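Chemist: With the hints as your guide, set chain B onto chain A.
Each chain, written out:
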Amino acid sequence: MKRMITIACLLAGAVLLAGCPKKATTIQPPTAGSQVGDSSNTSPSGGASTSGGDLGGDNGRGEVGDATGPLARKVIYFDFDKSEIKPEYADIVKLGAQTLTGRPGLKMKLEGNTDQRGTREYNIGLGERRAQAVRRALLLQGVAETQITTVSFGAERPAAEGDDETAWAKNRRVELVYQR
Amino acid sequence: MNRPHVLLAMIGLLVLCPRSWAELVVEVTKGQEDAIPIAIVPFNSPTEAAASFDVSQLVSDDLARSGRFKSMARTDMIEQPHMGASIAFDDWRRLNNDYIVVGQVQLLGPDRYNIVFELYNVLNRQRLLGYQISANKAGLRLASHQVADMVFQKILGVRGAFATRVAYVSVLGHLPNKSYQLVVADADGMNPRVVMQSNEPLMSPSWSPDGQSLAYVSFEGKLPTVYVQELKTGERRRVSARAGVNQAPAWSPDGKKLALTLSTRDGNLDIYTLDLASQALTRITDDPGIDTEPQWSNDGRSLYFTSDRAGGPQIYRVGIQPGDKPRRLTFQNSYNARPRLSPDESQLAFVTQEEGAYRIAIMDLRGRGDVQVLTRGHFDVSPSYAPNGAEIIYATRDRGRGVLALVSADGRVQERLVSSEGEVQEPAWSPF
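Protein chains in written order, with our numbering: chain A, 1 to 180; chain B, 181 to 612.
Bound-form chain A, shown alone (with noise of 0.2 Å):
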């Protein structure tokens, strides 16, 4: 048992070794000079979001380039059980396009979220959905199919906690993320 024990704490060393994250590499948007428009109305809490952090504390309002403003991240929440891109985030698709086409170097990685409700592996199929409703926004937009990749981690990656509708809705989600 011990030896057991020991092996599982290793492979658990190793794990986290291996694992030591590539950081996704926020890259300086092309539009430079101007300042990024107001997202007020982008989603439920009235800013864009960090990487699964406090909605309320960001405003969206950031200077271009800025690694950690609101173009390093951008996230578009969905209503439940949908998949349709709600027109207030209209915009955040069509800055992202802009940006990828013109940088055909440039990559996105969508990741598709669901709120915590339903089985665990259908909403991985759910956040999957919302993924690809953003993939074919952009596609649609121009962007390059090789620039686009989606990963689903379904109701695994909350990003507010919460049994109400209030964490709920900040957890349907697709944050589009820069990659070089």
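Hints are supplied without guarantee of correctness; some may be wrong.
[Said to hold, decoys possible] Here are the simulated BS3-like pairs of lysine-lysine, each with C-alpha atoms no more than 25 Å apart in a straight line:
no., chain 1, residue 1, chain 2, residue 2
1, B, K358, B, K317
2, A, K107, B, K402
3, B, K402, A, K109
4, B, K436, B, K505
[Claimed, not checked] Which residues of chain A face chain B? A few of them, derived with a C-beta cut under 8 Å, are:
no., residue
5, P87
6, R117
7, R120
8, E121
9, I124
10, R129
11, A131
12, S152
13, F153
14, E156
What the hints contain is simulated information worked out from the structure, not anything from laboratory work. Bear in mind that the values here come from a model prediction, so they are computed numbers and not experimental data. We put the CB at the ideal spot given by N, CA and C, even for glycine.
Modeler: This is chain B only, laid out in the frame that chain A set:
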């Protein structure tokens, strides 16, 4: 990362591991009214063995925890016989016991014990069992569960599942610093061992039919990957890291294949089977909807799965031979997902939505397909049958925290497994 840091990280883990997780404690929330009264008399033990482990207490706890038995409190016992010849049956009968277990733990040698026990019917004084199990100190816990298994089977005619294990995912910490552990514990929640730990989500553990390995999904590389890990050695193998979705592994009954969910480039999820030796991939479903959560039939010839091809998620069954057309099984309610087959294939357990809540339901597969909702929670998901089919373990939420719960397959007994820290989800009960 430079070398001293690596070393420190490893040492940190080694020190941390044995105490970084919590045991689950079982609380019976709804017992069976006609539970069978039984007395498990404290076993006579040599001092050393008694100090190290209380065999009869564990047997008593196991039986009580099943909800099928009512174990007599030790303080109510007026005498403590250790063998059949010294049982005063009339006394035990007057105390309303139907059955009595007596026994002793003998010291055979250094780190070698012998559990000798007998089960009697108090009413007719018949000796139903007389048995001995030998074990070393570390094995006394397992041996005690085996005693409980034998008593359970003798009286109820159903094999006990106390000496089995449960795998589950434990989530520690809070956003944005969550960590995920894949844990294997004894079926009573004790003796938990972390078999895998990651800062990214772990999900969907599935037992190999021989109970030696787990298949699971890990996001440790920021993308979903299916691994197969042998529990004894910790050795693991990456079996699916294809572009897109790699999810929902389910072991075939012969242990040679996994059913799993993969996606095409445009994100369409379908079910495939993967031959573990040859890596040969066979597509089973082909539909634009989400097809996922596969589960094999016992003969390995068909798969039960979730699909939203008709709108909301419903449960279907399809043969694995080419060209077989999926047949829909669920019609009641608009959301039915994640099927799990009972070991004798008489029932299908799944998640259903009623009154806006997600609950565990079972469908009768032998009769008219009647559906019975077993649980009353709001977020009850991930049902998994005990290998004897008597109970279903599932995940639920309690005051904002993920916990595990148990319900008997007839819905009469309900229990909760309480963890002192973190969230617990996705239980998978081991085979025998």
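Chemist: Mind checking the CB of A131(A) against every CB in chain B and telling me if the closest is under 8 Å?
Modeler: holds (7 Å)
Chemist: Do the numbers back the hint for F153(A), that is, is its least Cβ distance to chain B under 8 Å?
Modeler: Holds, because the Cβ-Cβ distance from F153(A) to chain B comes to roughly 6 Å (cut-off 8 Å).
Chemist: Does the interface hint hold: is I124(A) within less than 8 Å of chain B, judged Cβ to Cβ?
Modeler: The hint holds - I124(A) has a Cβ within 8 Å of chain B, the shortest such distance being about 5 Å.
Chemist: Within 25 Å, alpha carbon to alpha carbon, are K107(A) and K402(B)?
Modeler: Within the cut-off at roughly 16 Å; holds.
Chemist: Measure nothing beyond the straight line between the CA atoms of K358(B) and K317(B); if it is 25 Å or shorter, mark the hint as holding.
Modeler: With Cα atoms ~36 Å apart, K358(B) and K317(B) exceed 25 Å; violated.
Chemist: Does the nearest C-beta of chain B fall within a distance shorter than 8 Å of the C-beta of E156(A)?
Modeler: holds (4 Å)
Chemist: Given R129(A) as an interface hint, is the shortest Cβ-Cβ distance to chain B below 8 Å?
Modeler: Holds, about 7 Å.
Chemist: If you take the shortest Cβ to Cβ gap from R120(A) to chain B, is it below 8 Å?
Modeler: holds (6 Å)
Chemist: When the nearest CB of chain B is found for R117(A), is that gap smaller than 8 Å?
Modeler: holds (6 Å)
Chemist: Under 8 Å is the threshold here; is the Cβ of S152(A) close enough to any Cβ of chain B for the hint to stand?
Modeler: Holds, because the Cβ-Cβ distance from S152(A) to chain B comes to roughly 6 Å (cut-off 8 Å).
Chemist: Given E121(A) as an interface hint, is its Cβ closer than 8 Å to any Cβ of chain B?
Modeler: Hint holds; E121(A) Cβ to chain B Cβ min 4 Å, cut 8 Å.
Chemist: Using the nearest Cβ pair, does P87(A) come within less than 8 Å of chain B?
Modeler: Check failed: Cβ of P87(A) comes no nearer than 23 Å to chain B, outside 8 Å.
When the structure is compared with the earlier hints, violations turn up for hints 1 and 5 and for no others.
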